[in-house]
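There are 2 protein chains.
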Amino acid sequence: MTHPTDLISVSYDELTANLSKGKIVERRLSEIRDSFLNPDLIDKMPTDEDPIVYRVTAVEPSNGTGDLHYGLGIIYPGKVGPEYFLTKGHLHQARETAEVYIGLSGEGYMLLENEKTLETRMEPLGKGQIVYVPGHTAHRTVNTGDKPLTYFGVYPANAGHDYGAIGKRNFLKVIVEENGKPTLKDR
Amino acid sequence: MTHPTDLISVSYDELTANLSKGKIVERRLSEIRDSFLNPDLIDKMPTDEDPIVYRVTAVEPSNGTGDLHYGLGIIYPGKVGPEYFLTKGHLHQARETAEVYIGLSGEGYMLLENEKTLETRMEPLGKGQIVYVPGHTAHRTVNTGDKPLTYFGVYPANAGHDYGAIGKRNFLKVIVEENGKPTLKDR
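For the record, the sequence lines run as chains A and B. Residue numbers for the first sequence follow numbering that gives the first Met the number 0, so the first one is 0 and each next one is one higher. Residue numbers for the second sequence follow numbering that gives the first Met the number 0, so the first one is 0 and each next one is one higher.
To be clear, the hints were calculated from the coordinates, so they are not data collected in a lab. Keep in mind it's a predicted model, so treat the numbers as computed, not measured. Heads up, some of the hints might be wrong.
All copies of an identical chain are treated as equivalent in the list; a pair is satisfied when it fits inside any one copy or across any two copies.
Unchecked claim - Quick list of in silico lysine-lysine cross-link-like pairs, DSBU-like style, CA-CA up to 30 Å:
{"hint": "1", "residue 1": "Lys-126", "residue 2": "Lys-43"}
{"hint": "2", "residue 1": "Lys-180", "residue 2": "Lys-146"}
{"hint": "3", "residue 1": "Lys-20", "residue 2": "Lys-184"}
{"hint": "4", "residue 1": "Lys-146", "residue 2": "Lys-115"}
{"hint": "5", "residue 1": "Lys-22", "residue 2": "Lys-78"}
{"hint": "6", "residue 1": "Lys-167", "residue 2": "Lys-180"}
{"hint": "7", "residue 1": "Lys-180", "residue 2": "Lys-22"}
{"hint": "8", "residue 1": "Lys-167", "residue 2": "Lys-20"}
{"hint": "9", "residue 1": "Lys-20", "residue 2": "Lys-172"}
{"hint": "10", "residue 1": "Lys-180", "residue 2": "Lys-78"}
{"hint": "11", "residue 1": "Lys-22", "residue 2": "Lys-43"}
Generate coordinates for the entire structure from the input sequences, incorporating the hints supplied.
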């Protein structure tokens, strides 16, 4: 098993979520429109722009048993109707693998949905907050503040990302603004 | 596999390294005297106090395959002669398991020593710095600044801590102050 020297040491910025190394994935609003409760509202938004909703930079130092990968995410502030900007969300391909999320700046929540019991939880993930995502749990991150939300996620190297399973039917619940505050509601 | 509800959501403070939940281990100078290059210097220190050198608070949400544990560490500033305050250091019992360290505040380094090749590295771990500790690598953290150094460590639930192997012979190299800056030297 090789451990490429250049990924032992990496630097990060907690506000911009920039990493000195890693693979970047950026999602614009048009690319994740079906993740929202009401995609039609996107067409009615008063701008021709297609804003970046979120960006994740992933570092994968090695892929053996016992190895770990990690990512630094940023979700920009914004809403589609009453629904906050969010990540697509995913399950891990290796379903039993967990993930630790560490909130660095901003305000937000994670939406957790157990794929067996369908139990849903809404857990705070802002600056100073940690969320443990157990195995078999679809997870989505939501920015409920007016600044970028940034966070680390650390996961086993063999976890893999499965966007299909949850993408097809979407999460059962949504996090929307109601009476000025983030509220968990049925889709 | 159970995932105790009360460890899904935990809050932390980046400056004090306090966690809202978790198991605390604290090490005073007298308990880790043999980790230093010259323990005799401790006896000559001009105080009757036995300061806390470091504290780690560990959170262990679950113990199944694919699960993760994490800890938040704080090392206080200080020196024994030219040698900076440090952690005892350890290998993982499950030797192939890695660990991701994320620096939150302060200034410091990690000392990495591969148990097979004996290759040593000194990698920065202060605010904004990440160190990937591959498997089979003894690791120690050192505070080289004048404020507390705080950091997260995330590791597979099955990693385990082996303090014996490296404790007996200690690390091959030390990080000491030389000409006012942290320097890696042979023991």
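How the hints compare with the structure:
1. Taking CA atoms no more than 30 Å apart as the test, Lys-126 paired with Lys-43 passes in neither setting, with 33 Å inside one copy and 43 Å between copies.
2. When the C-alpha separation of Lys-180 and Lys-146 is checked against a cutoff of 30 Å, the pair qualifies only within one copy, where the shortest distance is 15 Å, while the shortest distance between copies is 38 Å.
3. Proximity of Lys-20 and Lys-184 under a CA criterion of 30 Å is satisfied inter-copy only: 29 Å between copies versus 38 Å inside one chain copy.
4. In this assembly of identical chains, Lys-146 and Lys-115 lie within 30 Å of each other by CA distance neither inside one copy nor across copies; the values are 34 Å within and 47 Å between.
5. Proximity of Lys-22 and Lys-78 under a CA criterion of 30 Å is satisfied intra-copy only: 27 Å inside one chain copy versus 39 Å between copies.
6. For the identical chains of this complex, Lys-167 and Lys-180 are intra-copy neighbours only, at 28 Å inside a copy versus 56 Å across copies, given an alpha-carbon limit of 30 Å.
7. In this homomeric assembly, Lys-180 and Lys-22 never come within 30 Å of each other (Cα to Cα): the closest approach is 34 Å inside a single copy and 34 Å across copies.
8. Within a single copy, Lys-167 and Lys-20 get their C-alpha atoms no closer than 32 Å, and across copies no closer than 36 Å, so neither meets the 30 Å cut-off.
9. With identical chains, the CA atoms of Lys-20 and Lys-172 are at most 30 Å apart between copies only, with a shortest distance of 28 Å across copies and 35 Å within one.
10. For the identical chains of this complex, Lys-180 and Lys-78 are intra-copy neighbours only, at 13 Å inside a copy versus 49 Å across copies, given an alpha-carbon limit of 30 Å.
11. Taking the shortest alpha-carbon separations for Lys-22 and Lys-43, neither the intra-copy value of 33 Å nor the inter-copy value of 51 Å comes in at or below 30 Å.
Hint violations for this structure: numbers 1, 4, 7, 8, 11, all remaining hints satisfied.
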